[in-house]
Every structure is written in C-alpha cells, then in structure tokens.
Amino acid sequence: MPVSVKTYAGVEEAARALSASRSARFFGGGTLVMRALNEGTQAFDTVIRVTDPALRQVKPEGDRLTIGAGVTMAAVLANRDLAFLHPVARSIGGPAVRTMATIGGNLFAACPYGDFTVALLALDGAVTIAGGGRALNLDDFLKVRDREPRVIVTSVTITRPRDAQAFRFHKVSRIKPKGISVLSIAAHLPQSGGRVNNARVAYGAMGPTPLRVTGVERALEGRSLDASGIAPALAAATERLDPPTDALASSWYRREVAPVHLRRLLLNQAG
Amino acid sequence: MARTPIEFRHNGRDQAIFVEEGSNLLDVLRRGVGDFAPKYGCGQGTCGCCTVLVDGEPHLSCLTLAETVAGRSIETTSGLGKGVELHPLQQAFMDNFAAQCGYCTPGMLMAAKSLLDHNPSPSRQEVVEAIAGNICRCTGYEPIIAAVLDASSRMSGRRSA
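Which chain is which? The protein sequence lines are X and E, in order. In terms of the numbering used here, the first sequence is numbered consecutively and its last residue is 271. In terms of the numbering used here, the second sequence is numbered consecutively and its last residue is 161.
All the given hints hold, so there is nothing to weed out.
A short, non-exhaustive set of chain E residues, derived as facing chain X with CB atoms under 8 Å: (1) Ala-2; (2) Glu-21; (3) Gly-22; (4) Gln-44; (5) Gly-45; (6) Glu-57; (7) Thr-64; (8) Leu-65; (9) Glu-67; (10) Ala-111; (11) Gly-133.
Keep in mind the hints are simulated off the structure, nothing from the lab. This one's a predicted model, so the numbers in the text were calculated from it and none came from an experiment. All C-beta atoms in this analysis are idealised placements derived from N, C-alpha and C, irrespective of residue type, glycine included.
Given the sequences, and given the hints that come with them, work out the whole structure.
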C-alpha cells in the first residue's frame, strides 16, 4: 500500500499532525513501523517523523535521568552515564537492530518484545508526551498504550540506581547471545542496613505489556536478600498473572520458571 | 504515488535517485541503484541478510526508511573488493569455507566489517556478538567465526608490515 512520509523539525507540530489523522503512525527507529510496512499493513497510510535532536539527548537531573525517546540502544551503550543499562541494551536484537531501535519505540513493542521497557519500569520510569503536560507513570502509560497509540513520547525519566548492586536485569532466552524473551526480569533493590527499601520489580513477556509485580515488591519490603528473606516474594512471583502462550513457551511454562529466575536474580545467581 | 528525490553516497560514489515514499533502503539499493549484494531475507529485521553500513554503522536495510539515508554514506558488499582484488574478509571467508549457499554472506561480511572497523583485534566472543543478528542455516557459524578472526589477523599483519 502506498504510504506518505511526513517529516517535521519539531515534536509539537508532529504531535498535532499525528493526533489529527486516524491513519497515521509515528516513526521512531523504524524496527516496528517498517516491519509492518514490509508486511503490507493496512493499519496506517501515513508515517510521521521528527528530526529534532532534542529527542536524542540524555540529561542527568540529580538522582534521576531523562533519556530522550529517540536515543538508540547503541547510543545507550556508548553513554557512560547509562552503564547500569548496558546489559539491558545489549540484550536487544543484534548490533544492526541496536543502531536503529530506540527506547521510545521499545515502549510500544508487542509481547514478547520490549525488554528495555522492563528495566525502565523497575527504575520508576515516567513518560513525557508531546503537549501532554506533566509526566505519566510508565505503568499507567503501558496500560493505555494500545488504546492510545497516537501520541509522541518525547522522553522517559528514570531513577539512577544508587549502586551497581541495586539494579539487576536478567533476560531468559533459548538462543544465546541473541534470542527472544521467554521472560525478562528487572529489579531495583535499594538496601539500607541490609534490608530492602522501596523495591521495584518488573517482568517482560509475562503479560500483554511489561508489568510490575507489586505483590513481589511488597513481599520484599524490609527483608534481606537471602534464601529465607526472599521466600515470601517467590511465593508471590506469579500471583494474578496470566502469561501468554507463544512459539517460545507456554503460559504454564512461563509460570513455572518465573519463580526460579526471580530467585536467581534476587540472590544474584543469574547468568 | 509520490516520489521523493534523495542523494547519498553508495560505496564511495554519489547517487541521486527518486524513491517511492515509504520504500525501504534495500528496495532502493536493489531496484533503484542495481546493487544486488544485500539480500532480502525476512523483511522483519530477524535474519540480517540485508545488513549494510550507514555512516559506518550496521543497519538492516529492509527496516531503513529510504528517505532517512539522504546525505549519508552507504557501504555494501559490492564495495568491499577493488576490481579483482578481494577484501581480506572476502578472502578469509573463501579460505575458511565460511559460505555454503551464500545467501547470508553479504550481511555477514558487513556485520564483520563493522566489527573490524571499530575493533581490529576482536576476541572470539566479540565476533559471536557482532554476527548475532545474522542467521546462517548452512555453516553452523564456526567457519564464519574462524574467517572473521582470520581476516582480523591478516589485516593486523598488513598494518604492521
């Protein structure tokens, strides 16, 4: 199907054009939109791009960091301020995908993709939308993303982990080094006096979008990260979850292995 | 259908060409420029057969919107050799039997070139990581890994000579 490409210098104009058209799709790095075009999608006939370099900036702000939506996985890997996210970025695609795929696009990746978003969720991500005023919690954004795809995300703001031990990420795939997620887990586990304080834990490929597991977070609060301390969290590992069945794993399998991988992550034995 | 004029460098030569809106770089290279080295495999960014370098970085040409390469420099396998003289990577692929059916080879070569351009003496693990986005259904990868390591040592020998 013929498609028209509209390129804008500024995000605001692009956002107006996007919201004015029912058949337009925003184009980030291209790894999602071009796939759809190559498949002959009928879902959109207009592609909207923005060239504003502001979308590719990374700005530290105290204990928070704002990452532009147009920052690619390769740019994450080249940025020393984002060293804690390097294992996450490396888990996305191969080198060619990483030079193209953006963190903004990853927010819209359908299950079982979107592993980067899992990390952003665990780091208390907040999404800024063009013309949208104040930032939206990433968990709230993910709940509505498929209903309201005609917005432009300009950046995601996250908490910078206090130390390297506080943030952990593990992607489980059947093929190494590049495979699609059976599931992925990210956890931010700040500790004071050996006790977890303000845990955030998120899963990928365990539901239609990356999701937080608040039951696990509550069960970790005030506990130490040893076998007995994490037992309640493991018991809550798949509470109220309905993981998908796909070519990689069945819902049953994902439910069975999630607590195993969560245990390894919490005890720092993942690898 | 609207056609957009774009200009870019293709293996060191300037190209000016009209592209259909929304077309991908792979189509433009194959049908517009007549460079049949990059291959269409999956059209989904999964197989890596269409890998080309854009300003020295590996890109999947099937997922690259043609308009976005205006003013940029594209390298494909067609530009590797100089006449009858093969690039050391091409020679190493031949000597190590790194190609069987050959369909993945143009993508493998560009992924490998990108690696060696940035890191002339990679470890085996770094080679594996560099070609992780390229699928080969014939060789089982070992000859390809051996070829890239071989090319790396040949090229470093040439540099020190």
